[in-house]
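Enquirer: Each chain, letter by letter, is given below.
Number of protein chains: 2
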Amino acid sequence: MAIDHIARVKELMPEILASDPSSTHAGTTPGSFASAPEIAAGRAGAKTYSSQDSPGIPKPSNKTAWDFMPTDWTLIEGFEDDYEKAEAWQRPQNYEPSTQLDSARCGIVTVEMQRVADREGHLTATQVRDEVAAGRMVIPANRNHLQHNLDPMAIGRASKTKVNANMGASPVSSGTDEEVEKLKWAERWGADTVMDLSTGGDLDACREAIIQNSTVPIGTVPIYSMIIGRRIEDLDEETILNTLRHQADQGVDYFTIHAGVLHEHLEYVKNRLIGIVSRGGSLLAKWMIHHSLQNPMYTLWEDICDVMRQHDVTFSIGDGLRPGGLADATDIAQLAELSTLGELTERAWRKGIQVMVEGPGHVPLDQIEFNMKVQRTLCHGAPFYVLGPLVTDVFPGYDHITSCIGATNAAWHGASMLCYVTPKEHLGLPKKDDVKQGCVAYKIAAHAADVALGIPGTRDWDDDLTRARAALNWQKHFDLSFDPDTARAYHDEDLDVDTDFCAMCGHDWCSVRISKEIQEFASGKSDDYQWQKAKVSAALSEEQQEILEKRGVLSPEELHRLASKTKKTMGAEEGKASCHSEVSDADKAQMLQIVELGSAD
Amino acid sequence: MAIDHIARVKELMPEILASDPSSTHAGTTPGSFASAPEIAAGRAGAKTYSSQDSPGIPKPSNKTAWDFMPTDWTLIEGFEDDYEKAEAWQRPQNYEPSTQLDSARCGIVTVEMQRVADREGHLTATQVRDEVAAGRMVIPANRNHLQHNLDPMAIGRASKTKVNANMGASPVSSGTDEEVEKLKWAERWGADTVMDLSTGGDLDACREAIIQNSTVPIGTVPIYSMIIGRRIEDLDEETILNTLRHQADQGVDYFTIHAGVLHEHLEYVKNRLIGIVSRGGSLLAKWMIHHSLQNPMYTLWEDICDVMRQHDVTFSIGDGLRPGGLADATDIAQLAELSTLGELTERAWRKGIQVMVEGPGHVPLDQIEFNMKVQRTLCHGAPFYVLGPLVTDVFPGYDHITSCIGATNAAWHGASMLCYVTPKEHLGLPKKDDVKQGCVAYKIAAHAADVALGIPGTRDWDDDLTRARAALNWQKHFDLSFDPDTARAYHDEDLDVDTDFCAMCGHDWCSVRISKEIQEFASGKSDDYQWQKAKVSAALSEEQQEILEKRGVLSPEELHRLASKTKKTMGAEEGKASCHSEVSDADKAQMLQIVELGSAD
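Top to bottom, those sequences are chains A and B.
So in UniProt numbering, the last spot in the first sequence is 601, and the numbers never skip.
So in UniProt numbering, the last spot in the second sequence is 601, and the numbers never skip.
It should be emphasised that the hints constitute simulated quantities derived from the structure, not laboratory data.
Treat the hints with care, as some may be off.
It does not matter which identical chain is meant; a pair holds if it fits inside one copy or across any two.
[Said to hold, decoys possible] Straight-line Cα separation of at most 25 Å, DMTMM-like style, residue types lysine to aspartate or glutamate; simulated pairs:
1. Lys533 - Glu302
2. Lys286 - Asp4
3. Lys10 - Glu546
4. Lys270 - Glu11
5. Lys550 - Glu181
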C-alpha cells in the first residue's frame, strides 16, 4: 500500500504552508525560528535581525544608549516612560553636537546617516539615526578623514554584516607602498573597513598614506606606536593621550583600546594554555604587573573620550583577554573583560562617543551562540566586532577557513562586523593574495549570515545567479559571481566552449541541461537569461592567465593557447572538443562543429 | 565605585562553576546545551552526540532498525518491551548472516566491528555492534573489497564525523591513471571514503583500479554506467540488476541509488529555480516522464536488496531532489523525497541491508538544523550523509568554503558523513590540488563538529597544538598541524629562523612571547614543548618549495636561497635577520648573531 509522502510532509509540518497553501515551497522562512530581541524590535522602528535563542541562553539587556546620557542632559518631565527619543531631553545651553551619536540624540539626520541609508537599501535615514541614538549602530567617520575620500558606512546588527581586513608592516616584513597596495586590493575584494596594524617601518607615513588613499574607515591600535622607542613599562599618561590626539588628527576613524584588561582579571589568565594572545592586552598586562597599578587605559577613559570627541573617533573596545585556543574559550577572564567592556561602553556613551566592542578568537562551534548573546546582555546592544572565531586550532595555513566557519555563525547569532583572518594567521605576515583569500572567505561569511537572518534583498543575488546557472548562461553566471575571473578561468581550464554542459559531467549526465530540457520544469527558462548557441569563450585575460598559472594544472602550451586562441587554433584541437558521447544527437555534434569552425561571438 | 566584574560574571552564569568552584574556566562544556535524542541515549549503550534542539524542531523517531526486522524472524514471547537485542529474536532455521547488520542482529561482534572500535577509540566493539544493529551505524565493507586492502571503518553519529571525496573522469577530462592518483592523494589528505563518479573513459577499468588500490570504502552511482551506449529511456530491469551485480562483484562498498524520486513528486519540482541538480535524479525523472511509470529503482527495491545482500553492499539512498540553490531549499519536493527515503530505509532493513541516507546541497544557514533533524524524524536514525550544504550560491571558485561552513553545522546538528565539495564545483572537473583543498576544508568541518559535539578525545589534538604554539616551539607546532608543509613554508617565507616571535608582529609585539615571559602565567611552559635556542630552519623540501612557488610571492632567487641555504648563505643576508627593534636586549641581538653564524641543528 503506497504511502502518500506529500501528505505526510504537509501533515508533519503544518506551519510550512500556513502562508500559502498552493506554494510548493515547504521551507522555513529566512531567519526562521528567529526572535529579534525584544529590546530592539519596535523601539527604534528598525528591525534588528537575530537567530532564535536556544534554551538557556542569557537574555538581552533592556537598556540602550538612551539610558546612559551625558550627565548634563535633563530628562523632561513627563517623558519618564518614553525617553528614547530626542524630544524627551533638555540639552545644555549652547550645546554643539560633535559625534554622530550626539547628532542622533538631537534628532538630527546627518549627511553621513543619509549616505548610510542609501547604501544599506533596507533602512531609511531616520531608522539609521535611531539605531545610532540607541547605540546599536556606529558610523565611524573622523571629520578629518571625511575631508579625503571616506565613503560613510555603518556597523550595527540592523545593517548588513561588515568585514574588516587587517594589514600593516611588521619589523620583519613589508613597507608603506606594499601596504597601500594591500589597502586598494582589500577595497577591491570587498573589505568594509581596514585596520592598519603596523608595528614596523615608518608607522606615521604608512598611516597617513592609508588614510589619504582609503574610501573605507581606517582603524588602528594606538598602543603599538606608543612603544616605538620606548619600553612598555615606561608608558605614561602623556604618551597615551598625545598618541591618541596625533592619530585622531591624522584622521583615524576608530581606535582599538584594551581598557578592559583589569589588574584583578590577571589571576584568571594564569592557568590558560596560551595566556594573552592580544598584542595590546599582553603589553598592558606586562605594564600592570610591573607597576602593580590598574590599566591606565581604564583609569584614563574619560580623558580618552575627550580626545575621541574632537574629531568623532569611534571606540572599538579591545578584547585583550580573548581566547587564543579552544581550551581557553568562554572562561572567566574572557567574560569578566566583556563585563568590563559593558561598563566602558556606558561611560563612553555618557561622553557621547560612538562605541563598538570586540570579541573572541578561538571558540568551539557549540559555544558561539552563547559568546555572542552574552555580549548583548552585558553591552546593551553595542555592535559586536568579532575576530573569527576559529572553530579548531589544528589547521594553520587554512585559518581563513577555520575562522570563517565560526564567523558565519557569529554574525548569525548577533555579531555586526567580522574581522578577517588570512591563511598566514599564526605563521607570518599576510601578502597580497592572502588579503584576497581572507576577504573572500569573510565576504562569504557575511553574506551567508545576511541571508540566514533574512535581511531584505540579500538573497536576490543568489537567486539571480541560480537562474543564470539553470539557464546554462555561463557568461551571466560568471558576471554575477563574486570573483568572475576565477570562475571563468576554472571553467575554461577544462572546456573553453560555453555550452549546455561543462567538464564536470559531460553532455549526457548534465542534470542542469536535463532539467532545462524537461518542458514541464521552469528551470532554466527565465527570460533574462536565455542564450542562442554554444560559443567559444574569449581568450583569457592576464588575470585569468595568472590564476591558471598558479594552479599549475595546465602546461605552458595549453596556457598559451587559451591566452591567444583564434578560430583556427580551436579547429585544430580535435581532442578538446570531443565531448559528446556516442549517443549524442547528430544535431549536437553538428552544433559543436559549427562552434569550432564557425563564428566566435 | 568599582564594579566587581568577576562577581558579576559568576552571578550571571551560576551553572558555569557548578562542577568546579575553583576552576577559572567559565566555559560551557563541549556539546553543551546538548540533549542527545532520547532514542539513542541509554538504549544501545553508546552515547549519540547531538546539538541541543531549538524550539520548534521536529522530534526524533522512536523507532530503530529493531522495529523493521525481516518478516521471517519471530519476536520471542516476553520480550515485547525489550526487543532491541539479539536474545529477543528467533531466527529462521539454517539462517546465515550475510551483512554486518545481520551479524549485529545475531549478537555477533565481527572482525570489522572490532577494527572499527580500535579506530574510533571511544567506542567498544560491543557498542559498535549495537549501533549497527539499531541501524544508526554502517560499516561499508563489501566482502570482495575486504580481500584487497580495505581497512574497515564506520559511519554513524556515535562515531567521529567522516568525510567523502568524490572523483572520477568525465567524457571531457581525465582517465584511470589520473583518477588512481587522486585516490591516493585523497587518502593522504584524510578522506574516509571515496566515490568513483566517473562518466567518461573506461569506467570498468577505472573502477577496478580504484577498488584494488583503495584502503577506504568505495562508493559509486551505478546509474551512470547504465546509460553508457544507451539512452536513459531504454533503461530496463535487466540492465539495472545486471549493472548492480557486476559492480557488487567488483567490490564496490556502497551504492547511491535514487529510488526516492517518485513520479508524484515531480509536480513539486516544476517551479523550482534550478530543477533537479542530481545526475541520477534528473535521469530518472526523464525516464518517468517518458514512460509515465513509477521510478524503477523504487519498484525494484527488494530485488535490488537481494543483489546488495550477496556481498554486503551498503545503500546510500540518493537525494535526487536535493536543492541546487538557496531558493529551492527545504521545499516539499525535497522533504517528500526524504520521507520516501525513510520508507526505503525500513524496507532495506527488513532485508538486512545496511543503509545510510543522502542529503542536501544548498541550504541557508538558518535552515540547516531543521534539515538535519527532520531526517532523524523520518529515517529512524539511519546515518545522514550530506553534500555541503552550501550556504550561499554566489561564490563559484570557492564552493569548498561556502559548503564547509554548512557542513560543519550539518554535522553538529546530526549528519554522520560529509561529502566534500572542491573549488571546481559548478565549473569543471576537480584536479589533484582541488581534491586536496576539498579534503582540507572538510576535515576542518568534521573535526570542528566532533569538538563541538564533545566526542571524547577529539579536542586533545587542538590543545596539544596550542601548547606547542604557546611555547613558541615552531617545529612541534608544525608537526602537529594537519598540513605541516604548508605551515612551515608560510612561516619560512618571511622568516627562516625558529625563534620567540614571527613575522606577523616582530619581537617586541609578540603576545605569545610576552605571555610566556610573564612568570605568573602557565602559558608556554608545558614540559614537553620546551626548546633551547633559536635556530635556522632547515632547507625547504621539494613540496614546500612548490607551495611557495605557487604563491608567487618570493622571487626565484629567494626561493633558491630557502631551498639550499647553509650557514654561510644565512650569514650574508644581514637584512633578513634584523628583526629586533632598537629596544631589544643585547642578549637577544647576540642570540640572533649566534644563530646566523653559529650552529644550525
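Enquirer: Now tell me, hint by hint, if it's right for this structure.
Expert: Structure-based check of each hint:
no. : hint            : in the structure
1   : Lys533 - Glu302 : neither (68 Å within a copy, 45 Å between copies)
2   : Lys286 - Asp4   : between (69 Å within a copy, 22 Å between copies)
3   : Lys10 - Glu546  : neither (52 Å within a copy, 55 Å between copies)
4   : Lys270 - Glu11  : between (56 Å within a copy, 22 Å between copies)
5   : Lys550 - Glu181 : both (20 Å within a copy, 20 Å between copies)
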